[in-house]
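Q: Let the sequences and hints guide you as you build the complete structure.
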Amino acid sequence: MGASVKYLANVTSLKFFSDTCTGCGRCVEVCPHAVFIIVSGKKAALSDKDRCMECGACARNCAFGAIAVNAGVGCASAIINGMVTGGEPSCGCSDAQNACC
Amino acid sequence: MKNVSCCGPQTKDTSDNLPCCTKQEAPEIGFIPSIVSRVSAEWTWMDYLGQIRCRVSSFRNSYTVKPGLYAAGNPDKNSDVFVSANYKMSFDILRRALKDINAWILVLDTKGINVWCAAGKGTFGTDELIKRIDASQLEKTVSHKRIIAPQLGAPGIAAHIVQQKTGFRISYGPIDARDIRRYVEAGYKATEDMRRVKFTVWDRLVLTPMELLPALKGYVLYALLIFFIISLKPSGIIFKDGLANGLPFFFLGFLAVLSGALVTPLLLPFVPFRSFAVKGWIIGLFFTFLGIKNITIATPTTAFYVFSWLFFPLASSYIALQFTGSTVFTGMSGVKKELRFAMPVYISTAIISFGLLVLFKLNQWGLL
Ligand code: SF4
Ligand code: SF4
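Sequence order for the protein chains is P and V.
Residue 12 in this note's numbering sits at position 11 of the first sequence, with consecutive numbering throughout.
Residue 194 in this note's numbering sits at position 186 of the second sequence, with consecutive numbering throughout.
Check the hints yourself; a few may be wrong.
Using 27 Å as the maximum straight-line C-alpha spacing, the simulated DSSO-like pairs for lysine-lysine come out as follows [as the list claims (entries may be wrong)]:
| # | chain 1 | residue 1 | chain 2 | residue 2 |
| --- | --- | --- | --- | --- |
| 1 | V | Lys74 | P | Lys16 |
| 2 | V | Lys85 | P | Lys43 |
| 3 | V | Lys173 | P | Lys50 |
| 4 | P | Lys50 | V | Lys129 |
| 5 | V | Lys225 | V | Lys74 |
| 6 | V | Lys139 | V | Lys129 |
| 7 | V | Lys129 | V | Lys241 |
| 8 | V | Lys197 | P | Lys50 |
| 9 | V | Lys344 | P | Lys50 |
| 10 | V | Lys344 | V | Lys225 |
| 11 | V | Lys206 | V | Lys85 |
| 12 | V | Lys225 | V | Lys248 |
| 13 | V | Lys344 | P | Lys16 |
| 14 | V | Lys241 | V | Lys369 |
| 15 | P | Lys16 | V | Lys129 |
| 16 | V | Lys74 | V | Lys153 |
| 17 | V | Lys74 | V | Lys148 |
| 18 | P | Lys7 | V | Lys369 |
| 19 | V | Lys129 | V | Lys85 |
| 20 | P | Lys7 | V | Lys344 |
| 21 | V | Lys345 | P | Lys16 |
These are computed hints drawn from the structure, not numbers from a lab.
A: Given below as structure tokens:
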């Protein structure tokens, strides 16, 4: 229960370029939401893009540059902070004030 | 019993290597294998106490373990190497999961932040891992080239770059440390289930204190403001009236906090719509309805009702939206989209609500 909660549809910045994919399977290994699958042992494919939370694990670990995603924190207070200060949304984990993750 | 706990009674065998309760800088020179710290897989009551305290935000940052290489059990040259963060809770969870397993634990300097959060920030990252592998002379400690990193650390670590630079090949372990044994026994293979992050009612419940605390802080400010406004009389400030007449506001406000910070997170999958702001608003509406039905209002003016129906559900919505910071499935693009829509609503509502309060006052004073 709960694993099936879904967030907004069609918003993720995840992009997959199957041309350069070698099917190494690293993206399947790292994605915490099973967004990638390997199709018939050849190449990766997106199984359900809307589950993507933009953590960036897949893109960072794809040695072949087949994935791009605008990774960041999906945290309202961090984003509001970013809007107010004009900087990148940053999670307040390092200051005791704001324990957003 | 050996332990790595701090701020309390310590046994002397390991305490020297594990100073904590202060921010600990990474040691300049690496540990050489002969002085690797040995840790026990058993949790002492201090560890349990520590876990409870770690959930409270103010303690979360000073609760660190010194970075470096640790031995769990009696590892040798062939034993596995697990990577962890120097947030004590991350380290403790791993150490407990390795009960009866002889292994090495390589603790990265993540400034006392948990794996997932540090990976997002990049402190649990490629460079730090490479540096730590070198500093601890891992290649002399073990004869193999395998490292097991937590899957939730993957956003910070480019496995192929670590392999290029150090020769060590990273496998990502399961998300839940409790699956480590099964993962190892299956030949370093995680089932699909082990790779997926869960978000159970229990997970959400332990996170709600993080939502309730800041929300309650806001509530205190709100209550003081209301108290002051209500007490204001043409003849001066009369606090006795403030308390009595303010009660509906205090009560409904408190319900909005509960609704946004506790009930919405708990019922998350069962509340319709995907937007957190909308979920929080719906639950807030319901609580406002319940609240208004169950209180007697001394001066049931229109201004009061309009204020209540407008303000409290949206307060709940705003608080619920903050929960996106604790979830494991809300991405930045989604939250930004919600905020683009919701922020103007919140801000204009705050302004209108204040206007209504003034109306409410004028009504009360018989000036309207
Ligand atoms: S990690 Fe990259 S190359 Fe490997 S399967 Fe995934 S997309 Fe393809
Ligand atoms: S960004 Fe994260 S959640 Fe999205 S597909 Fe990549 S690994 Fe999965």
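Q: Determine for every hint whether it applies to the structure shown.
A: Each hint tested on the structure:
1. Proposed proximity of lysine 74/V and lysine 16/P is contradicted: the alpha carbons are some 39 Å apart, above 27 Å.
2. Straight-line distance between C-alpha atoms of lysine 85/V and lysine 43/P comes to about 36 Å, which puts the hinted pair past the 27 Å bound.
3. In summary, the hint linking lysine 173/V to lysine 50/P is not supported, as the alpha carbons are separated by about 32 Å, beyond the 27 Å threshold.
4. A distance of roughly 23 Å separates the Cα atoms of lysine 50/P and lysine 129/V; the hinted pair therefore holds under the 27 Å criterion.
5. Between lysine 225/V and lysine 74/V the CA atoms are separated by roughly 34 Å; this puts the pair beyond 27 Å, and the hint is violated.
6. Of the supplied pair hints, the one linking lysine 139/V and lysine 129/V holds, its CA atoms being roughly 17 Å apart against a limit of 27 Å.
7. Our distance criterion of 27 Å between C-alpha atoms is broken by lysine 129/V and lysine 241/V, whose separation comes to about 52 Å.
8. In summary, the hint linking lysine 197/V to lysine 50/P is supported, as the alpha carbons are separated by about 24 Å, within the 27 Å threshold.
9. Proximity of lysine 344/V to lysine 50/P is assessed by CA-CA distance (about 18 Å); at most 27 Å being required, the pair is judged to hold.
10. Of the pairs offered as hints, the one joining lysine 344/V and lysine 225/V holds, with about 25 Å between alpha carbons and a cut-off of 27 Å not exceeded.
11. Pair hint lysine 206/V plus lysine 85/V does not hold up; C-alpha atoms about 35 Å apart against a cutoff of 27 Å.
12. With a C-alpha separation of about 24 Å, the suggested pairing of lysine 225/V with lysine 248/V holds against the 27 Å cut-off.
13. Simply put, lysine 344/V and lysine 16/P have alpha-carbon atoms about 18 Å apart, close enough for the 27 Å limit, and the pair holds.
14. Using a Cα cut-off of 27 Å, the hinted pair lysine 241/V and lysine 369/V holds, with the two alpha carbons roughly 9 Å apart.
15. With a C-alpha separation of about 21 Å, the suggested pairing of lysine 16/P with lysine 129/V holds against the 27 Å cut-off.
16. Restraint check: the Cα-Cα separation between lysine 74/V and lysine 153/V comes to about 24 Å, which is no more than 27 Å; the hinted pair holds.
17. As the CA atoms of lysine 74/V and lysine 148/V are separated by approximately 21 Å, the hinted pair is consistent with the 27 Å bound.
18. For a cut-off of 27 Å, the pair hint linking lysine 7/P to lysine 369/V is broken: about 44 Å separates their Cα positions.
19. Among the hinted pairs, lysine 129/V with lysine 85/V is inconsistent with the structure: their alpha-carbon atoms are about 33 Å apart, more than 27 Å.
20. About 16 Å separates the Cα atoms of lysine 7/P and lysine 344/V, which keeps this hinted pair within 27 Å; it holds.
21. Our distance criterion of 27 Å between C-alpha atoms is met by lysine 345/V and lysine 16/P, whose separation comes to about 18 Å.
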